[in-house]
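Protein chains: 2
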Amino acid sequence: MNTDPAAARTLEDPDTPFAVVDVHKTLRNIERLTARAGQLGVTLRPHVKTAKSLDVAALLHDKAPCPVTVSTLAEAEAFADGGYTDITYAVGIDPHKLPRVVALLRRGITLRVLLDSTEQATSVAAAAREAGIAVPTQIEIDCDGHRGGIKPDAPGLPAIGRVLHDADCLDGVLTHAGESYFAYSAEEQRLAARNERDTAVAAAERLRAAGLHVHTVSVGSTPTAHAAEDLTGVTELRAGNYVFFDLVMAGLGVCQIDDLALSVVVTVIGHRPEYGWIVTDGGWMAMSRDRGTAAQKTDQGYGLVLDLAGNPVPGLVMSAASQEHGTLTARDGATLPDLPIGTRLRILPNHACATAAQHHGYHVIDSTRPAPGAPVVQAVWPRISGW
Amino acid sequence: MNTDPAAARTLEDPDTPFAVVDVHKTLRNIERLTARAGQLGVTLRPHVKTAKSLDVAALLHDKAPCPVTVSTLAEAEAFADGGYTDITYAVGIDPHKLPRVVALLRRGITLRVLLDSTEQATSVAAAAREAGIAVPTQIEIDCDGHRGGIKPDAPGLPAIGRVLHDADCLDGVLTHAGESYFAYSAEEQRLAARNERDTAVAAAERLRAAGLHVHTVSVGSTPTAHAAEDLTGVTELRAGNYVFFDLVMAGLGVCQIDDLALSVVVTVIGHRPEYGWIVTDGGWMAMSRDRGTAAQKTDQGYGLVLDLAGNPVPGLVMSAASQEHGTLTARDGATLPDLPIGTRLRILPNHACATAAQHHGYHVIDSTRPAPGAPVVQAVWPRISGW
Numbered sequence: 001m002n003t004d005p006a007a008a009r010t011l012e013d014p015d016t017p018f019a020v021v022d023v024h025k026t027l028r029n030i031e032r033l034t035a036r037a038g039q040l041g042v043t044l045r046p047h048v049k050t051a052k053s054l055d056v057a058a059l060l061h062d063k064a065p066c067p068v069t070v071s072t073l074a075e076a077e078a079f080a081d082g083g084y085t086d087i088t089y090a091v092g093i094d095p096h097k098l099p100r101v102v103a104l105l106r107r108g109i110t111l112r113v114l115l116d117s118t119e120q121a122t123s124v125a126a127a128a129r130e131a132g133i134a135v136p137t138q139i140e141i142d143c144d145g146h147r148g149g150i151k152p153d154a155p156g157l158p159a160i161g162r163v164l165h166d167a168d169c170l171d172g173v174l175t176h177a178g179e180s181y182f183a184y185s186a187e188e189q190r191l192a193a194r195n196e197r198d199t200a201v202a203a204a205e206r207l208r209a210a211g212l213h214v215h216t217v218s219v220g221s222t223p224t225a226h227a228a229e230d231l232t233g234v235t236e237l238r239a240g241n242y243v244f245f246d247l248v249m250a251g252l253g254v255c256q257i258d259d260l261a262l263s264v265v266v267t268v269i270g271h272r273p274e275y276g277w278i279v280t281d282g283g284w285m286a287m288s289r290d291r292g293t294a295a296q297k298t299d300q301g302y303g304l305v306l307d308l309a310g311n312p313v314p315g316l317v318m319s320a321a322s323q324e325h326g327t328l329t330a331r332d333g334a335t336l337p338d339l340p341i342g343t344r345l346r347i348l349p350n351h352a353c354a355t356a357a358q359h360h361g362y363h364v365i366d367s368t369r370p371a372p373g374a375p376v377v378q379a380v381w382p383r384i385s386g387w
Numbered sequence: 388m389n390t391d392p393a394a395a396r397t398l399e400d401p402d403t404p405f406a407v408v409d410v411h412k413t414l415r416n417i418e419r420l421t422a423r424a425g426q427l428g429v430t431l432r433p434h435v436k437t438a439k440s441l442d443v444a445a446l447l448h449d450k451a452p453c454p455v456t457v458s459t460l461a462e463a464e465a466f467a468d469g470g471y472t473d474i475t476y477a478v479g480i481d482p483h484k485l486p487r488v489v490a491l492l493r494r495g496i497t498l499r500v501l502l503d504s505t506e507q508a509t510s511v512a513a514a515a516r517e518a519g520i521a522v523p524t525q526i527e528i529d530c531d532g533h534r535g536g537i538k539p540d541a542p543g544l545p546a547i548g549r550v551l552h553d554a555d556c557l558d559g560v561l562t563h564a565g566e567s568y569f570a571y572s573a574e575e576q577r578l579a580a581r582n583e584r585d586t587a588v589a590a591a592e593r594l595r596a597a598g599l600h601v602h603t604v605s606v607g608s609t610p611t612a613h614a615a616e617d618l619t620g621v622t623e624l625r626a627g628n629y630v631f632f633d634l635v636m637a638g639l640g641v642c643q644i645d646d647l648a649l650s651v652v653v654t655v656i657g658h659r660p661e662y663g664w665i666v667t668d669g670g671w672m673a674m675s676r677d678r679g680t681a682a683q684k685t686d687q688g689y690g691l692v693l694d695l696a697g698n699p700v701p702g703l704v705m706s707a708a709s710q711e712h713g714t715l716t717a718r719d720g721a722t723l724p725d726l727p728i729g730t731r732l733r734i735l736p737n738h739a740c741a742t743a744a745q746h747h748g749y750h751v752i753d754s755t756r757p758a759p760g761a762p763v764v765q766a767v768w769p770r771i772s773g774w
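Protein sequences appear in the order of chains A and B.
First residue of the first sequence? That's 1 in our numbering, and the numbers climb one at a time after it.
First residue of the second sequence? That's 388 in our numbering, and the numbers climb one at a time after it.
Certain hints may be false.
Residues from chain A that face chain B, not an exhaustive set, calculated with beta carbons under 8 Å [what the hints assert, rightly or not]:
| hint | residue |
| --- | --- |
| 1 | Ala64 |
| 2 | Cys66 |
| 3 | Asp144 |
| 4 | Arg147 |
| 5 | Tyr184 |
| 6 | Pro273 |
| 7 | Ser288 |
| 8 | Ala354 |
| 9 | Ala379 |
| 10 | Arg383 |
Hint data in this document are derived by calculation from the structure and do not stem from the laboratory.
Idealized CB from N, CA, C, for every residue including glycine.
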């Protein structure tokens with residue numbers, strides 16, 4: 001990718017494939033959830049794992065650092081370097097990583113860690129005592145059998161809380177309704193949001209009943225954050241994907257296709273009329289192997305196709321991918337359009353988190369500033385990567 | 388990833404997840420195909436898109452630059468910087484990228500490009516004339532309907548050759564038996580290899596019959612390169628995946644599980660006995676979303692599990708992934724092993740090209756040098772990325 005912004009005047013300039021972010025749509029998505037969190041009376045703690053970008057994060061709160069959630073310590077360290085002081089690392093803590101956690105705490109960063117076992121709590125307590133510093137810790141609560149966490153009624157929950165409390169490390173509880181990605185109606189999403197809240201609050205109450213102080217009660221996922229109607233007892237709401245949205249979220253009805261802020265620019269490099277294919281230079285290396293819509297009502301292949309200006313090309317879908325080749329085909333009775341060699345297109349991804357991760361950064365456009373030619377590149381924003 | 392080799396003495400040291408390459412297995416895989424190419428009497432032109440590493444490439448030909456195939460101009464530029472002078476860029480050329488091609492040719496690199504249309508040939512010829520330099524070009528031939536290329540009997544083939552010939556740019560023909568990834572028996576793979584050869588040679592003969600000079604006749608894919616019995620008329624053989632191999636190749640019988648040279652080290656961060664899960668800190672960000680074995684007889688999920696020393700953990704499979712979480716489950720009647728929090732494991736991937744692409748580099752071990760503790764890290768090798 002050419003990362004010299006001066007060299008990329010419009011989306012016609014950089015060699016393809018490359019990732020594009022529409023800053024207008026990103027801001028609109030951000031404002032929507034910010035308004036909802038305000039109505040619900042909770043702090044919004046965006047998960048920055050989707051964009052992994054300080055520049056995108058600067059849009060979250062009018063350029064001022066805000067509370068954030070991260071998925072790696074590399075993100076935590078980069079956000080700390082960028083002035084963010086209130087960070088939750090929302091993956092169960094590996095004790096081996098505690099020295100990096102302590103180093104961030106010593107820099108004055110409030111870095112919260114997550115766990116769901118007494119073994120991990122004992123490791124955190126020992127590291128905190130050795131370092132002479134409190135390690136604010138949340139207990140992960142399982143609300144829907146999606147992945148990590150302890151059930152709110154599990155016999156072991158108070159014991160975990162006690163180990164943390166005795167080391168001055170108990171901050172609260174956190175849950176994530178991961179199964180809401182498979183909640184295909186607005187009603188199911190509302191139920192998932194209610195269950196997420198109820199489970200987190202029940203866990204917090206159980207710890208309080210055991211005499212432990214619970215400060216943070218954190219819930220969230222992009223679908224439930226947009227569906228929640230009552231977050232009584234919850235202190236903060238997390239969501240990540242919503243800044244860009246993607247075809248999976250559109251398939252769930254959480255957003256419209258027009259809200260998708262991330263796309264990948266590709267170029268037509270061949271035609272196979274005998275098979276009904278247009279071949280591009282954007283394969284799975286550019287889009288990721290994510291096929292998240294395969295389980296949905298409408299399988300969007302590897303993505304839907306826009307022209308370079310951002311208008312949908314009706315009936316055209318990226319139906320196959322190899323490492324550096326994409327195959328576009330027509331569906332729904334559409335005719336394969338006549339797109340000469342060299343034509344640039346934009347592909348909307350299934351899963352923004354996975355597609356963004358295939359790129360070093362984003363070429364930024366603003367779809368509210370129409371240009372006579374291709375959209376003008378406003379900036380090139382780098383991405384954080386690694387662990 | 389901690390890229391300071393001094394800080395990573397063994398596989399117990401770097402924070403997880405990270406990618407590991409076993410240099411012994413890599414060399415063994417390389418020697419196997421090098422010997423085959425010698426027996427078949429063709430030049431081997433390894434595809435460096437899998438490892439994207441000058442250090443891995445140094446193993447190909449006893450540290451001397453050899454002919455290579457690349458999938459991006461970023462690879463071509465990095466390999467040119469590393470002293471490689473004979474490079475084939477095996478993705479249909481986007482005319483917009485020709486200035487970078489010309490720049491490499493002007494540096495004295497023999498960079499061959501690929502195309503399958505008169506439009507592209509006309510662009511290449513125009514760029515060559517404008518630059519006053521020959522752009523050696525191969526015509527991509529479709530041998531199995533996999534992706535790009537023109538059929539060897541297509542009416543348009545000689546015309547493409549003529550446009551290139553008249554600009555002194557015709558180098559030869561290239562084909563890739565991509566469908567051999569779905570050839571599930573040794574006999575099917577032999578047939579795919581024979582068809583790949585026959586198709587490439589037929590295309591070359593057709594161009595020659597039209598009075599055009601065809602120098603290179605290039606074939607290859609990892610399955611067909613290992614299955615070919617007779618390459619008469621072919622000048623060179625390409626393959627990429629074979630340096631590392633992976634579960635897809637093992638599922639095809641092209642290699643054994645013991646040949647897999649790439650793995651990802653992850654750490655146990657949780658247990659969900661009620662679901663039969665062990666949770667790790669290696670999700671799809673570390674493994675990729677590739678599920679290539681899903682179409683095979685044995686679906687290996689997101690990968691098979693080894694202990695840190697490299698011994699298989701029988702019956703344990705990585706069955707699910709989210710961004711930074713992996714779920715391990717038992718199958719084939721196996722009992723879920725007792726693996727405490729903090730236990731490190733290695734995951735063998737479905738698709739080495741996709742998994743390697745999720746990492747900045749490789750921690751290198753040598754499985755023939757047993758150590759009393761965890762395998763010793765011999766080096767940390769960076770990877771080329773981007774386009």
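Hints and how they fare:
{"no.": "1", "hint": "Ala64", "verdict": "violated (27 Å)"}
{"no.": "2", "hint": "Cys66", "verdict": "violated (21 Å)"}
{"no.": "3", "hint": "Asp144", "verdict": "violated (12 Å)"}
{"no.": "4", "hint": "Arg147", "verdict": "holds (5 Å)"}
{"no.": "5", "hint": "Tyr184", "verdict": "violated (19 Å)"}
{"no.": "6", "hint": "Pro273", "verdict": "violated (11 Å)"}
{"no.": "7", "hint": "Ser288", "verdict": "holds (6 Å)"}
{"no.": "8", "hint": "Ala354", "verdict": "holds (6 Å)"}
{"no.": "9", "hint": "Ala379", "verdict": "violated (18 Å)"}
{"no.": "10", "hint": "Arg383", "verdict": "violated (11 Å)"}
Going through the hint list in order, the structure does not satisfy hints 1, 2, 3, 5, 6, 9 and 10.
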